[in-house]
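**Student:** Here are the chains, one letter per residue:
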Amino acid sequence: MSLDAIDRRIIAATQGGLPLAPAPYAEVARWLGLDEAEVIARLSAMQASGVIRRIALAPNHYALGVTANGMSVWDIDDDRAEALGERVGALDFVSHCYLRPRALPDWPYNLFAMIHGHDRAAVEAKRQEIAALLGDACRASDVLYSTRILKKTGLRLREG
Amino acid sequence: MRRAPLPADALDATDRAILNALQDGFPLTPRPFRDAAAALGIDESDLIARIQNLREEGAITRFGPFFDAEAMGGAFCLCAMAVPADRFDEVVTLVNAHPEVAHNYERAHRLNMWFVLATDSLKGIETTARAIEGETGLKVLRFPKLREFFIGFRVQA
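As they're listed, the protein sequences go chains L and Y. Quick note on UniProt numbering: the first sequence kicks off at 1 and runs consecutively. Quick note on UniProt numbering: the second sequence kicks off at 1 and runs consecutively.
Check before you lean on any hint, since a few could be wrong.
Said to hold, decoys possible - One-sided excerpt, in silico: chain L residues whose CB lies under 7 Å from chain Y: (1) Arg-9; (2) Ala-23; (3) Arg-53; (4) Ala-56.
The hints are simulated quantities; they were obtained by calculation from the structure and are not laboratory data. Note that the structure is a prediction, hence the values are computed from the model and not measured. Note that CB positions come from ideal geometry on N, CA and C, so glycine has one too.
The following block holds chain Y by itself, in its conformation from the complex (with noise of 0.2 Å):
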């Protein structure tokens, strides 16, 4: 994924017009860029092709269906570990051999790692866990999700 800002004529306004307005849903109908495109006022087949071109140039990260893994079945945990600095590295191929670790961050904390846990099911949480402590000799803090809430999130383009 682009992690570079775009040039700033990378995009024109009808570009940043795309990007506002899909953020918030896309027409689930046989002719959903027809439907999107009327809305804001351009072609079916422009709206085609400058969500390619905006896909090339690294400015979707994604178009589609956002799935909720967890109501697929699958079970997640936040995790966190304080990891003496001199054996970082080491920790970090340990724990990042299990390929139950689905990302793992190192944060400016004393809890300097923190990654997350994705299985099949709630024991396979424990089980990895358990684990990377006996593999390690160090604590894994576990914070399971209680309650998610409804994401608000938009970015202006």
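If we strip away everything but chain L, and leave its shape as in the complex, we get (with noise of 0.2 Å):
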């Protein structure tokens, strides 16, 4: 889908969240000078097209004790790997699920996967549910856990 201008305006408007209002999409389309009907429609033809990957609410997992998390890394059959990756990403306890480049000999792993749980030993158990999944198309694995932020700051689209 290729996005127009006021695509990229209804996006800059909107990636901070959504207003609180009532009518949210009026607030926008006030904020905007466009009609409510047009946001509503633009923002469907966005979600339609990927651009929006859903309209939601996130939880703060960490508020809700989910604190730990752990990127598990994984040397799948290359042959499987899509097929796999698919059911791992499914799981409800992965929050991103890729297939990567190996950098060998320095990294063998091609799928890797966030896994988050209420404590380290909760993750370990949710890489064993991962590694029983694999069964024997995984031929080697590893997780890596954050030791310290070193910076983040949010991904933002600029306007235009």
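Work from the hints to combine the two standalone chains into their complex.
**Tutor:** Put into structure tokens, the structure is as follows:
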């Protein structure tokens, strides 16, 4: 989908969140000098094309006690990696799941799955669940825990 | 963002129902709070007030559209470096000085620095990674995503 200037203005106006007003899309339309119907139609088209993944509420998992996470990494048979990646991503404790190139000899792993749990023991247990799901398609695996955030900035689209 | 768990009594059953239900989606209708509230058996104004309160308490990180930055035309690449312990602070400063470095984590591994480059184009990824290699004398391993899988992540509130 190609985004035009109006789409980009809508993105810029909503990427910080929707207003907490009874008619939030009308409110966004008012900010931008558009019709409510146009804002809804454009958001809907962006959702259909995948530019918007979903419109939803994201709970702060740290606040809810899900404070441990580990980047699990797996060396999976290339022939089976796509199908198995689908199944790993669908697990409710995995927040990101990607196939990436290996960097041999430094790095033999091609599947990355971020695992979340209440504590490190829970993360380890979930990692075993993934290992069982992967079975003999997995040649090696590891998990990397973060020890420090060195930089964190939001990814924000520039307007226009 | 709040990183500490909320006290056990911070959320009541309705708050939890809201957090659980609205993770899956929010209506794209003229009165979305009214429509979502009806499904939860509460009033529109109660839902708005509770979301406001949840946000103030730090129980919500985001409420609204989630955009696919890549579909909007950006380029991203996960990168990793093996940084000698005695150079770690120096290298952090050099890496973080690049505005293209969106986030950066220290991880317990031989590859102990993991960061994401975010640029307007693929060319920008290479330029930045090479600049970091030049400045630090260390190899920057590039792990661009080949395939992203649909995510079923849910947090039970």
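**Student:** Now tell me if each hint is right for this structure.
**Tutor:** Consistency of the hints with the structure:
1. Arg-9: violated (13 Å)
2. Ala-23: holds (6 Å)
3. Arg-53: Holds - the Cβ of Arg-53/L comes within 7 Å of chain Y, reaching about 5 Å at its closest.
4. Ala-56: At 5 Å from the nearest chain Y Cβ, Ala-56/L passes the 7 Å test, so the hint holds.
Against the hints set out earlier in the document, a violation occurs for number 1 only.
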